[in-house]
Amino acid sequence: MQLIFSGAYTCFLIAFAAHLAYLARMEDKIGLIGTAMSSAGGLFLLVGLGLRSYYAGQLPFFGFYETLLFFTLSIVCAHLLMERLTEAKAVGAFSLAIALLLGAYAIFVLPSTAKLYSLPHPFFSDILFQTHILATLIAYGFFASSCGAGLLYLVRDALSKRSFGASWPSLEKIDEIIYRAAVIGFALLSFGISVGAWFFYRAFGSFWSWEHAWTFIVWLVYLAFLHARLMRLRGRLIAVMSILGFIFVLLSAFVIPFYGV
Amino acid sequence: MADEIQIPKKRDILDTLWRFFSSFRLTFSLLVLMAIALSLGKILPQATGRTIAEPNAYASWLASVESRYGGLTSLLDALGLFYITSSFWFKLLLATLAFNVIISEAERLIPLLYSIYRPEIRQPESFFATAIHHASFTTSKGLKQTVDKVRALLFRKTIVEEGPSAIYIYSERLRFAELGIPLAHIGLIILLIGAILSSRLGWREEGIALGKGQAYEVGHNTGLALRLDDFEVEVLPDGTPLEFHSLVTILKNGREVKRGSIFPNRPLSYEGVTFYQSSYGPSLMVSGMDEIGELLLLQPFGEVEAKEEVSLLFSEERNERSFAVPAQNLFIRFVFFPSLPEQGIAGPSFLVEAYKGGVVEPITRGFVRESGHFDIDGARYEIKFDHYSILRLVKDPGSIFVAFGLLLMVVGFILSFCLPSLRIWAMVAEEEGKVIVNLAGEAALIGSPLWFSRLAEEVERECS
Chain B
1 MQLIFSGAYT CFLIAFAAHL AYLARMEDKI GLIGTAMSSA GGLFLLVGLG
51 LRSYYAGQLP FFGFYETLLF FTLSIVCAHL LMERLTEAKA VGAFSLAIAL
101 LLGAYAIFVL PSTAKLYSLP HPFFSDILFQ THILATLIAY GFFASSCGAG
151 LLYLVRDALS KRSFGASWPS LEKIDEIIYR AAVIGFALLS FGISVGAWFF
201 YRAFGSFWSW EHAWTFIVWL VYLAFLHARL MRLRGRLIAV MSILGFIFVL
251 LSAFVIPFYG V
Chain F
262 MADEIQIPKK RDILDTLWRF FSSFRLTFSL LVLMAIALSL GKILPQATGR
312 TIAEPNAYAS WLASVESRYG GLTSLLDALG LFYITSSFWF KLLLATLAFN
362 VIISEAERLI PLLYSIYRPE IRQPESFFAT AIHHASFTTS KGLKQTVDKV
412 RALLFRKTIV EEGPSAIYIY SERLRFAELG IPLAHIGLII LLIGAILSSR
462 LGWREEGIAL GKGQAYEVGH NTGLALRLDD FEVEVLPDGT PLEFHSLVTI
512 LKNGREVKRG SIFPNRPLSY EGVTFYQSSY GPSLMVSGMD EIGELLLLQP
562 FGEVEAKEEV SLLFSEERNE RSFAVPAQNL FIRFVFFPSL PEQGIAGPSF
612 LVEAYKGGVV EPITRGFVRE SGHFDIDGAR YEIKFDHYSI LRLVKDPGSI
662 FVAFGLLLMV VGFILSFCLP SLRIWAMVAE EEGKVIVNLA GEAALIGSPL
712 WFSRLAEEVE RECS
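Chains B and F, in that order, give the protein sequences. The numbering of the first sequence is my numbering, which starts it at 1 and goes up by one. The numbering of the second sequence is my numbering, which starts it at 262 and goes up by one.
What the hints contain is simulated information worked out from the structure, not anything from laboratory work. Just to be clear, a hint being listed does not mean it is correct.
[Unchecked claim] Straight-line distance between alpha carbons at most 30 Å, and here's what the computed DSBU-like set of lysine-lysine pairs gives:
#: 1; chain 1: B; residue 1: Lys173; chain 2: B; residue 2: Lys29
#: 2; chain 1: F; residue 1: Lys695; chain 2: F; residue 2: Lys410
#: 3; chain 1: F; residue 1: Lys473; chain 2: F; residue 2: Lys513
#: 4; chain 1: F; residue 1: Lys513; chain 2: F; residue 2: Lys656
#: 5; chain 1: F; residue 1: Lys418; chain 2: B; residue 2: Lys173
#: 6; chain 1: B; residue 1: Lys173; chain 2: B; residue 2: Lys161
#: 7; chain 1: F; residue 1: Lys568; chain 2: F; residue 2: Lys645
#: 8; chain 1: B; residue 1: Lys173; chain 2: F; residue 2: Lys410
#: 9; chain 1: F; residue 1: Lys303; chain 2: B; residue 2: Lys115
The task is simple: from the sequences and hints, build the whole structure.
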């Protein structure tokens with residue numbers, strides 16, 4: 001299994017390098033290599049997680065290791081979908097950088113004891129709970145894409161007076177990618193939270209608990225982000241908000257629940 | 262005649278307040294403040310509702326956090342940062358958000374409905390110059406041909422009206438999606454009403470521990486009682502639960518009214534009270550018999566009545582139970598361990614110690630893992646290892662409102678943010694042998710100017 005995940009990671013590394021080269025030269029062939037390697041890496045990761053699920057008899061998000069890998073997969077899938085929707089390959093370098101960091105931590109840093117299968121408590125083997133986690137993690141993948149586009153926006157903006165980066169997508173185009181990725185993520189997160197609330201009510205008799213408030217905080221942050229668009233805010237502020245929003249995602253999904261900071 | 266001079270209307274205080282409370286800016290600020298407040302609440306320790314309700318309990322809770330926050334404790338307490346969601350200012354934030362939502366809907370809902378069902382097709386020339394998205398070009402093609410070309414490129418729902426000096430085209434896509442925001446706002450209000458109903462009329466009882474055969478009076482003027490008939494649990498050798506459930510009988514004024522099973526995620530309801538399976542814990546049933554076969558009376562610690570059989574319920578927090586055997590001048594203590602890896606025991610086990618009156622050292626000491634017996638001073642004690650059920654009782658009359666409000670909110674947000682509702686106006690006029698096309702566009706929320714520029718470019722290319 002480790003071999004499959006390492007193979008996926010190698011593909012992501014090549015894809016990242018290709019996307020960086022694409023940013024430097026803006027050649028379609030290099031961009032295509034980046035897309036192909038991202039897809040191959042995603043496929044490897046999907047197969048690996050699928051096999052793990054098959055052996056464990058449950059979906060792959062009941063431990064820190066699996067959750068990180070699934071999150072990495074959702075970032076790559078969101079990046080590929082956004083690339084197809086917006087025809088902009090330039091954003092990929094930044095989204096893939098996030099996926100690479102998370103994937104490296106899961107595959108190479110976590111101790112082997114953290115990679116053991118963990119059985120879900122009977123409460124959490126419920127289909128509603130699993131749907132909640134699935135939708136939330138995919139939403140977080142789109143937020144990573146939005147953050148990647150936000151980073152690209154800031155770099156593009158900083159380089160606006162130089163010749164390097166002149167052929168990158170326009171600031172308006174990147175602004176659109178930031179927004180569209182956040183909107184898809186927000187819709188998925190809203191769905192995930194409502195399913196989670198339903199599950200929580202059925203299991204514990206209330207729609208939410210203070211322990212799970214971080215997901216709700218992320219939702220509030222992105223709702224504020226979308227309202228900022230209603231106020232016709234554009235540009236650098238929106239880019240910064242997309243990055244801040246993703247910091248909340250990382251805090252909510254990984255730092256706080258698993259490290260109790 | 263000279264044009265009449267238009268004096269700008271002076272805004273009065275009511276008008277200013279109305280604008281303030283109906284603005285998206287306020288919504289945005291409130292959402293950001295709530296996110297910051299809740300984040301602070303997650304970082305700082307929070308006292309539970311019960312602790313806050315009892316001044317003495319809250320004072321001792323504050324003393325327990327004082328070691329961590331030192332001199333800041335009183336400031337954080339004064340700001341309500343140790344009980345954020347119960348604080349006055351957080352409730353004020355919520356109330357302001359609700360007010361903001363009501364006022365903004367009062368301002369926007371009727372004009373929105375009107376514009377959806379009776380769209381303004383003819384727009385003045387100034388509209389095409391000042392719209393958020395606008396474009397203009399001339400073409401040498403004929404008027405009718407241009408109108409046909411423009412119409413073909415717009416959305417499926419397109420209306421054409423002929424004016425005295427121009428032809429007006431109006432086209433829209435997914436217009437109903439604009440109802441998403443009012444829907445979400447109505448959902449939020451319903452959700453808040455539900456939450457108020459739940460907090461005012463609802464109640465919940467947590468951690469009700471019942472051994473087999475034991476009953477619990479529900480109280481709250483319901484006349485209900487819950488009896489645990491059986492509890493079944495399936496665990497792995499290391500104690501990991503695979504499945505557990507309770508078989509219960511609900512009694513009303515002493516009469517059996519309902520029987521059923523309570524599983525995790527599958528509660529049982531009766532007359533608005535819902536019984537949830539919360540968790541379970543290990544228990545021991547202990548009875549003793551002297552040398553001649555007479556049952557011994559056992560006096561559990563903290564209980565008034567002596568019994569022939571005692572049920573000892575353990576948890577990780579309350580892992581020690583004991584009882585006295587007056588006839589033998591004995592005191593028997595049990596300590597529960599979820600696992601003892603250093604002794605090679607993966608699952609739960611119990612340390613048993615028996616003390617003779619006046620002697621500090623135990624006269625017997627050993628571990629028990631399963632049902633069996635042990636002998637002390639000629640008496641035999643039977644131990645039956647079992648589990649007890651931990652249940653939660655909830656009456657929540659607001660839950661239906663909360664669920665419905667949540668549903669409306671989610672549908673509303675998905676409609677408004679994810680379905681791109683678009684409107685296009687075109688004015689095609691003929692002037693000095695040339696056809697002028699004016700285009701204006703509005704996107705409800707998607708807000709990106711790119712869709713319009715792409716469309717305008719396509720229309721211009723096709724018409725040229």
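Status of the hints after comparison with the structure:
no., hint, result
1, Lys173/B - Lys29/B, "holds (21 Å)"
2, Lys695/F - Lys410/F, "holds (16 Å)"
3, Lys473/F - Lys513/F, "holds (19 Å)"
4, Lys513/F - Lys656/F, "holds (16 Å)"
5, Lys418/F - Lys173/B, "holds (28 Å)"
6, Lys173/B - Lys161/B, "holds (18 Å)"
7, Lys568/F - Lys645/F, "holds (16 Å)"
8, Lys173/B - Lys410/F, "holds (27 Å)"
9, Lys303/F - Lys115/B, "holds (28 Å)"
Hint compliance for this structure: every hint is met.
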